[in-house]
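J.: Read off the chains here:
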Amino acid sequence: MNAPAKPCLDIRNLSAVLPNGLRVLRSVSLAVEPGEVRALVGESGAGKTMIGKAVLGVLPPSVRIVEGNMLLEGEDLGRLAPKARRTLIGARTALIPQDPLTALNPSRRIGPQMTDRLVRILGWSGEKADARIRQLLDEVQIRDPERVLKCYPHELSGGMRQRVLIAAAFAAEPRLIVADEPTTALDVTVQKQILRLIAQLQREHGTAILFVTHDLGVVAKISQKVSVLYAGKVVEEADTAALFAAPQHPYTLALMAATPRYTDPFASLKPVDDKVLAGLAAEIAAADQAWRRPHG
Amino acid sequence: MVEPLFSVRGLKVALPDMTRKPLIGRAPLAEILKGLDFDLPRGSVTGIVGESGSGKSTLGRALVRLLEPSAGNVMFDGRDITHLPEAELRPLRRNLQMIFQDPMSSLNPRRTIFSIIAAPLKQNGLGDNLKARVAEALQRVGLPQSFAGRYRHEVSGGQRQRVGIARALALSPKFVLADEIVSGLDVSTQAQILTLLEKLAAEMGLTVAFISHDLSVIRRLCRQVIVMREGAIVEASATDTLFEHPRQAYTRDLLAAIPLPEIDDAWLLPAPKAPA
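Sequence order for the protein chains is A and B.
Each step along the first sequence adds one to the number in the working numbering, with nothing skipped, and position 85 is 85.
Count along the second sequence from 1, add 296, and you get the number used in the working numbering.
Possibly wrong hints are sitting among the right ones.
Said to hold, decoys possible - Below are the BS3-like pairs computed for lysine-lysine, each with C-alpha atoms no more than 27 Å apart in a straight line:
1) 495/B with 275/A
2) 317/B with 150/A
3) 427/B with 495/B
4) 495/B with 270/A
5) 308/B with 330/B
6) 128/A with 6/A
Derived from the structure by calculation, the hints contain no laboratory data.
These figures come from a predicted structure and were not determined experimentally.
Turn these sequences into a full structure, and let the hints steer you where they fit.
T.: This is the structure we're talking about:
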């Protein structure tokens, strides 16, 4: 076991560029402690999904990491040979995707899809994998596992599909789960059940979660720490409770004022002020200039 | 008392259920809307809220007569449009406009924004003075005139939705159906679009049916709300009444499920054993 002081995931100064030289991640640093939920929040294009993909080693080929380190339980992913890196990521992380219908193979039954990873990648015996999956289906409160295991993905509701993927994510006891907008496609009542389930399993299994979302409401409910992203840059980082009590960055403040709240309809849904956007643009430009100097 | 713009009684819509279609022959009909009664008062925004599959979009499509009801009747502006044939609907279409959820798929990629906004004007006999009319429509939604020559992929998501609004409002319609028009947008853009729609609805005295799954957005924008579930109306009332004194358990559940951007440690706890 690792020393408890070591973060589960430690991203240091990570920068990534597109072929045209545009920086899509701008010196991102963040740490996820063991058993902690860290939210990554931002609008589209903020790079939050990109960070999750970088951690899992599944960045699109056009995105190149040019600087920085990612340490998974102290192991520097950049220093490992590709095969060793994949093995480590495969054993210690898992993904809960946004859209379970795309993530599941439509032409295979749920059962084999869930055991596949355990058997083929982690080398478990079929019986052990089977027993484990049944146990997890019980934990995600699927009452009739026999039926569900025999179903094709389209035969399940959106909420059920997401339960199946949550069960699959926790099955191999990963140390870190990347949850990429896992409730965005769901109705509010189902979203609440799924968030509750993720929180419960996360607590019981002591799993750390990097929780990607655009919804500050979800951030407030699920996370202990939060990083606010804009244009691939962390503009504010805080304990979730502190962020909501006293947001420091003008952009965080503006995002909060833009987020709809039925309890306070006229204090919410405020468009982001042009001054805030101009400030952000200046901040990004200054960061890029400072970064380019040593990088020629 | 002013006569409502829409008066709907016993509205039923049945659509073919393709999941139960036999190999040969017609699919059996499934009843999507199960007898709805409501009015849409003139000059105000009515929210229609419900979860997926509740029938809210089907209801919208029946109002603008993209679907023909299977029973009941729909009175629009004093006229029964329930079973009007397309030829007789044509002259009314100008007053039954729609703003769509996804402007990327509802704006023609091969046409300039000018021609997208001009098309319904020409169709409805307002082809004279096109340039001035399109310019006015763009200005109304806060887009610069230079956008007229652009294509949909050359503008941002929020600007694209403004084009959708400009197209619908260019005809000065009596009724606008807005179906989940902000659900694909970031919160900051969403706020801009809602503020714009709020302003235009007030200025132009529009009657709007605003379909959304987001009760927070509805509270801000709408004067009255219809809550739907499984093809039926659960509750319909003035917005403040609905939010402050929801009568139905389902409405209360919907409200309780919204994650508000504020710390609440009890929110994720299982409901039955919530601590005191």
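J.: Given the hint that residue 317/B pairs with residue 150/A, does the C-alpha gap stay at or below 27 Å?
T.: Holds, because 23 Å separates the two Cα atoms, which is no more than 27 Å.
J.: Are the Cα positions of residue 495/B and residue 270/A separated by 27 Å at most?
T.: Satisfied, since the Cα-Cα distance of roughly 14 Å is no more than 27 Å.
J.: For the pair supplied as a hint, residue 128/A and residue 6/A, confirm whether the alpha-carbon distance does not exceed 27 Å.
T.: 31 Å, violated
J.: Hinted pair, alpha-carbon criterion (27 Å max): residue 495/B, residue 275/A. Please report holds or violated.
T.: 22 Å, holds
J.: Measure nothing beyond the straight line between the CA atoms of residue 427/B and residue 495/B; if it is 27 Å or shorter, mark the hint as holding.
T.: OK: residue 427/B and residue 495/B at ~24 Å, within 27 Å.
J.: Measure nothing beyond the straight line between the CA atoms of residue 308/B and residue 330/B; if it is 27 Å or shorter, mark the hint as holding.
T.: Cα-Cα ~5 Å, so holds.
Hint 6 alone, counting from the list given before, is not met by this structure.
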